[in-house]
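Asks: One line per chain: the protein sequences are A and B, in this order. Counting in the UniProt record's numbering, the first sequence runs without a single skipped number right up to 540 at its last residue. Counting in the UniProt record's numbering, the second sequence runs without a single skipped number right up to 540 at its last residue.
Quick caveat, the hints were computed from the structure, so don't treat them as lab data. Any given hint could be a false lead.
Any copy, or any two copies together, can satisfy a pair, since identical chains are not distinguished.
Stated by the list, open to error - Once the Cα atoms are required to be at most 16 angstroms apart in a straight line, the calculated EDC-like pairs of lysine to aspartate or glutamate come out as:
1) K423 <-> E140
2) K423 <-> E400
3) K448 <-> E95
4) K479 <-> E26
There are 2 protein chains.
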Amino acid sequence: MPQQVTIFDTTLRDGTQGEGVSLTVEDKLKIAAKLDDLGIHYIEGGWPGSNGKDIEFFKRVASLSLKHAKVTAFGSTRRKGVKPEEDGNLKAILESGVRVATIFGKSWDFQVTTALQTTLEENEAMIYDSVRYLKEQGLEVIYDAEHFFDGYKNNRDYALGTIRKAEAAGADWIVLCDTNGGSMPGEIAAIVADVVASVKTPIGIHAHNDCELGVANSLAAVQAGARQVQGTFNGLGERCGNANLVSVIPNLQLKLGGYRCVSDEQLATLTSAARYVSEIANVGMPVNQPYVGSAAFAHKGGIHVSAVLRHSKTYEHIEPELVGNRQRVLVSELAGQSNLVFKAQEMNLDFDLENESTKRLIQTIKDMEHRGYQFEGADASLELLIRKAYDKQENVFTIESFKLLVEKTGDNPVASEAIVKVKVHGETVYTAAEGNGPVNALDNALRKALETYYPDIRDIHLTDYKVRVINEKDATAAKVRVLIESSDFDASWNTVGVSENVIEASWEAILDSIRYALIGRTVVLDNREEKHERIGIVNH
Amino acid sequence: MPQQVTIFDTTLRDGTQGEGVSLTVEDKLKIAAKLDDLGIHYIEGGWPGSNGKDIEFFKRVASLSLKHAKVTAFGSTRRKGVKPEEDGNLKAILESGVRVATIFGKSWDFQVTTALQTTLEENEAMIYDSVRYLKEQGLEVIYDAEHFFDGYKNNRDYALGTIRKAEAAGADWIVLCDTNGGSMPGEIAAIVADVVASVKTPIGIHAHNDCELGVANSLAAVQAGARQVQGTFNGLGERCGNANLVSVIPNLQLKLGGYRCVSDEQLATLTSAARYVSEIANVGMPVNQPYVGSAAFAHKGGIHVSAVLRHSKTYEHIEPELVGNRQRVLVSELAGQSNLVFKAQEMNLDFDLENESTKRLIQTIKDMEHRGYQFEGADASLELLIRKAYDKQENVFTIESFKLLVEKTGDNPVASEAIVKVKVHGETVYTAAEGNGPVNALDNALRKALETYYPDIRDIHLTDYKVRVINEKDATAAKVRVLIESSDFDASWNTVGVSENVIEASWEAILDSIRYALIGRTVVLDNREEKHERIGIVNH
Numbered sequence: 001m002p003q004q005v006t007i008f009d010t011t012l013r014d015g016t017q018g019e020g021v022s023l024t025v026e027d028k029l030k031i032a033a034k035l036d037d038l039g040i041h042y043i044e045g046g047w048p049g050s051n052g053k054d055i056e057f058f059k060r061v062a063s064l065s066l067k068h069a070k071v072t073a074f075g076s077t078r079r080k081g082v083k084p085e086e087d088g089n090l091k092a093i094l095e096s097g098v099r100v101a102t103i104f105g106k107s108w109d110f111q112v113t114t115a116l117q118t119t120l121e122e123n124e125a126m127i128y129d130s131v132r133y134l135k136e137q138g139l140e141v142i143y144d145a146e147h148f149f150d151g152y153k154n155n156r157d158y159a160l161g162t163i164r165k166a167e168a169a170g171a172d173w174i175v176l177c178d179t180n181g182g183s184m185p186g187e188i189a190a191i192v193a194d195v196v197a198s199v200k201t202p203i204g205i206h207a208h209n210d211c212e213l214g215v216a217n218s219l220a221a222v223q224a225g226a227r228q229v230q231g232t233f234n235g236l237g238e239r240c241g242n243a244n245l246v247s248v249i250p251n252l253q254l255k256l257g258g259y260r261c262v263s264d265e266q267l268a269t270l271t272s273a274a275r276y277v278s279e280i281a282n283v284g285m286p287v288n289q290p291y292v293g294s295a296a297f298a299h300k301g302g303i304h305v306s307a308v309l310r311h312s313k314t315y316e317h318i319e320p321e322l323v324g325n326r327q328r329v330l331v332s333e334l335a336g337q338s339n340l341v342f343k344a345q346e347m348n349l350d351f352d353l354e355n356e357s358t359k360r361l362i363q364t365i366k367d368m369e370h371r372g373y374q375f376e377g378a379d380a381s382l383e384l385l386i387r388k389a390y391d392k393q394e395n396v397f398t399i400e401s402f403k404l405l406v407e408k409t410g411d412n413p414v415a416s417e418a419i420v421k422v423k424v425h426g427e428t429v430y431t432a433a434e435g436n437g438p439v440n441a442l443d444n445a446l447r448k449a450l451e452t453y454y455p456d457i458r459d460i461h462l463t464d465y466k467v468r469v470i471n472e473k474d475a476t477a478a479k480v481r482v483l484i485e486s487s488d489f490d491a492s493w494n495t496v497g498v499s500e501n502v503i504e505a506s507w508e509a510i511l512d513s514i515r516y517a518l519i520g521r522t523v524v525l526d527n528r529e530e531k532h533e534r535i536g537i538v539n540h
Numbered sequence: 001m002p003q004q005v006t007i008f009d010t011t012l013r014d015g016t017q018g019e020g021v022s023l024t025v026e027d028k029l030k031i032a033a034k035l036d037d038l039g040i041h042y043i044e045g046g047w048p049g050s051n052g053k054d055i056e057f058f059k060r061v062a063s064l065s066l067k068h069a070k071v072t073a074f075g076s077t078r079r080k081g082v083k084p085e086e087d088g089n090l091k092a093i094l095e096s097g098v099r100v101a102t103i104f105g106k107s108w109d110f111q112v113t114t115a116l117q118t119t120l121e122e123n124e125a126m127i128y129d130s131v132r133y134l135k136e137q138g139l140e141v142i143y144d145a146e147h148f149f150d151g152y153k154n155n156r157d158y159a160l161g162t163i164r165k166a167e168a169a170g171a172d173w174i175v176l177c178d179t180n181g182g183s184m185p186g187e188i189a190a191i192v193a194d195v196v197a198s199v200k201t202p203i204g205i206h207a208h209n210d211c212e213l214g215v216a217n218s219l220a221a222v223q224a225g226a227r228q229v230q231g232t233f234n235g236l237g238e239r240c241g242n243a244n245l246v247s248v249i250p251n252l253q254l255k256l257g258g259y260r261c262v263s264d265e266q267l268a269t270l271t272s273a274a275r276y277v278s279e280i281a282n283v284g285m286p287v288n289q290p291y292v293g294s295a296a297f298a299h300k301g302g303i304h305v306s307a308v309l310r311h312s313k314t315y316e317h318i319e320p321e322l323v324g325n326r327q328r329v330l331v332s333e334l335a336g337q338s339n340l341v342f343k344a345q346e347m348n349l350d351f352d353l354e355n356e357s358t359k360r361l362i363q364t365i366k367d368m369e370h371r372g373y374q375f376e377g378a379d380a381s382l383e384l385l386i387r388k389a390y391d392k393q394e395n396v397f398t399i400e401s402f403k404l405l406v407e408k409t410g411d412n413p414v415a416s417e418a419i420v421k422v423k424v425h426g427e428t429v430y431t432a433a434e435g436n437g438p439v440n441a442l443d444n445a446l447r448k449a450l451e452t453y454y455p456d457i458r459d460i461h462l463t464d465y466k467v468r469v470i471n472e473k474d475a476t477a478a479k480v481r482v483l484i485e486s487s488d489f490d491a492s493w494n495t496v497g498v499s500e501n502v503i504e505a506s507w508e509a510i511l512d513s514i515r516y517a518l519i520g521r522t523v524v525l526d527n528r529e530e531k532h533e534r535i536g537i538v539n540h
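One chain only, chain A, in its complex shape (with noise of 0.2 angstroms):
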């Protein structure tokens, strides 16, 4: 039988306290609701005691009906000489209406004397008091130990000490916090071994990731014996963050061995909470984030993709669907025609190399790569290649011209104009632009063209704009590659423009995502509605 390891998420606490992260009530409501629906068992959703965006937080939490997660509130144990039914804070934590606190306290010696102010004796009373308080108000109680590897390695007796006064008060959990985030997975090892063996009330872990090793330093708690896991999703939180629970979950659940935290199938929907959660927060995530990254299972390397290809279990260590994410293989220079041909698997083409379209199609790519184009992070610009040497790509518009007018007088703010000329159905339309740059210019421009006939065009937004200088030699006669991520309500995808002018790179990705979004569009004539079907490639 699997050991049950309880997840506590913090991200709506601890989480928005990371740099550049601010969460409204919706954000955190709907962050909850995506947790719950997870399997994630405390969901922290602030400190009531310290603001009223929290308090409002916990009014409405209640109407979401969470199906697994228990909701709590955070707050610190009693103020010094006051007591506790007196406390404003211990009080905010009763008014929000959980029936789970997480109250804090000090652990190290130091802190006591120093950021306290107050002696060893009465943090030991504020610890004792403040949990029995809460207990008789019926709470269950999580006692996080704040400092606790820093209080340990200065005063082992003093450290204990203060978590057996949380047991002697009935604390339902005690977690250790190693708060600076500077403790070594060994260090944590011993000391929640030690711990485990002196207390009998069940041991947490709250990490931190200061030496990048949040998740090692959570695993290594459980192996001595810690049976909850603090931390965030994506590993938000101040400085270098929490421990990350998105990559915790499945290293307990498909690594370590014997250990369980979620369901199978709630596991299989990591990828997406995680995407959620950086979506909401606006954080972005890294492509390389571990398990959920889009660069998680991708290719790259030729040797590689060839082996992947025959086992995938060579350069895999999971099954990317166990986490809800996939493989992919990114064609670049460095890989051989194995790309191409995983890419036009994966379109389900019938694709032979020795056809003649085919071998025109990769000497196309090669040529292009050599010229600068990569399309490791531009599959649209990639499918479309291929669309057009299999004659499967529609011509919706041409562009006939564009004129782009950027000017700057005195002191007034630079002004970014364009013009085009495109031909649409047969007609054509000539408009005009501004925007707040150059790029976004024509973006406007060229919409503005095809809005008439494509309507659904307006929910496409441009979402990520990467430009990259490929050979810095000529300096700003060098060559650009520009990478444009665009989005509507079901998809995101990816497009590529290179050219000596950061313009016409720009240019040249916005058509092609424009050109990919319109594949199985709509199109609206005179008023006619006519169904472009999307051209068959996967009955081809």
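Once you've looked at the hints, dock chain B against the given chain A.
Replies: Quick look at chain B alone, frame taken from chain A:
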């Protein structure tokens, strides 16, 4: 006596396998020089048998005269059924001129039969013959045992047998690779300990980050007896990246106790080296990157901040200066100040932080950094700001207006024209120029306007041009930061521009570059030559 751990950097080889990472030969040379300054012991420059760019790197790196680092070339063992002296891959290593070869071979029986499609005996012979041959040619040989941990778990005897062959053939190092990045720290520790007890050759570790354990696995291996760590800067690399040396080094040197990688002085340049690699590779460094990110020692929560001010060790696991980073308090930020003090010292400026000009200057820089400027890579722009604050800037020219026209008709190439109106020494110059891109056209027009007055301007060349999108959320309306490097015969300097408009940002960086270049230049007015003295900040 601390134990020496050898650091082997493969940013230039394995790092370039990462999605979106692409380095020119110039980029690679710059990074190699920086890694050498930091005291890295081995720099793997590329795979000469796999592409022409890497061959050029090895040709040119010799002229860098590195102080500490040995440069090594990567390659596979000989192909099956081929003599080593006839193997193209081994030949390419020899022809690259390196004194150290790093060759990889198979350790996993499953891989030998499926990926390599040969016999277990032939694979052993391939390892032995290749190491032996390179040793006979006088090279130091590092043997990378690919998939060692998977191989060991599947068939311990065969995996150990393969590295015994490398040892028998005279390998100087045997490096155990967790190629798929799927192993847990406990497994790594146990297997490394077994290997260390089984062979005499020094052992290294090559870990990947697929389980967010690349750093932890590297440390576990060292604690079990490995004495070389392979990894990349900022953890660049295929899929989820390689072990991040930027975290491995300080963990070994400052945390585990008893290990040494580089000198204390070199360690104190870690942050700037990591940022330099990020800039050159044009791969953004997360603000929360451990040890070196700008948020790694940033404090946001009110409670933390007051405690940090009281005793920084309560919320910082090390002194940030040990790795060249610094404390930041997000509520009352003093960004840029340390750069500024450093720069002012470099300019021999009598710099008083209490002076009103200085206070205004700090405020200006703070505001600019908030808007996306970054002066770490733009010394010349920073010097211009300091000169302006101290009234030490000659206003050699003023821009009255510029206009830029970019046009494309049919299949003709894109035409770029710029018109500038510039006031120089009381005269108004109105001129126009073409370029093979909009920025190039602007640069040409400005030079043309100034050339009559400053003929030397012809010697200046823009040698590097980088564009970075700062906030990717608004796609083509996002802000961009442009960094330009310019050179003449004597020196090179860097400038920065920021705007929503890529043209305006580039223009700003070009203006700074030319302004900086003109300091102290000879002006030609009506055939009279007049020497502009460089305004003396040194003797101020």
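Asks: All the hints need checking, so say for each whether the structure fits it.
Replies: Now for the hints, and whether the structure bears them out:
For the identical chains of this complex, K423 and E140 are neighbours neither inside a copy (62 angstroms) nor across copies (64 angstroms), given an alpha-carbon limit of 16 angstroms. Taking identical chains as interchangeable, the C-alpha atoms of K423 and E400 lie at most 16 angstroms apart only when both belong to the same chain, with a minimum of 7 angstroms there against 39 angstroms between chains. Proximity of K448 to E95 under the C-alpha cut-off of 16 angstroms is found in neither arrangement, the shortest distances being 46 angstroms within a copy and 57 angstroms between copies. In the homo-oligomer, the alpha carbons of K479 and E26 lie at most 16 angstroms apart only across protomers (15 angstroms), although the nearest pairing inside one protomer, at 27 angstroms, exceeds that limit.
Going down the numbered hints, you'll see the structure goes against 1, 3, while the others check out.
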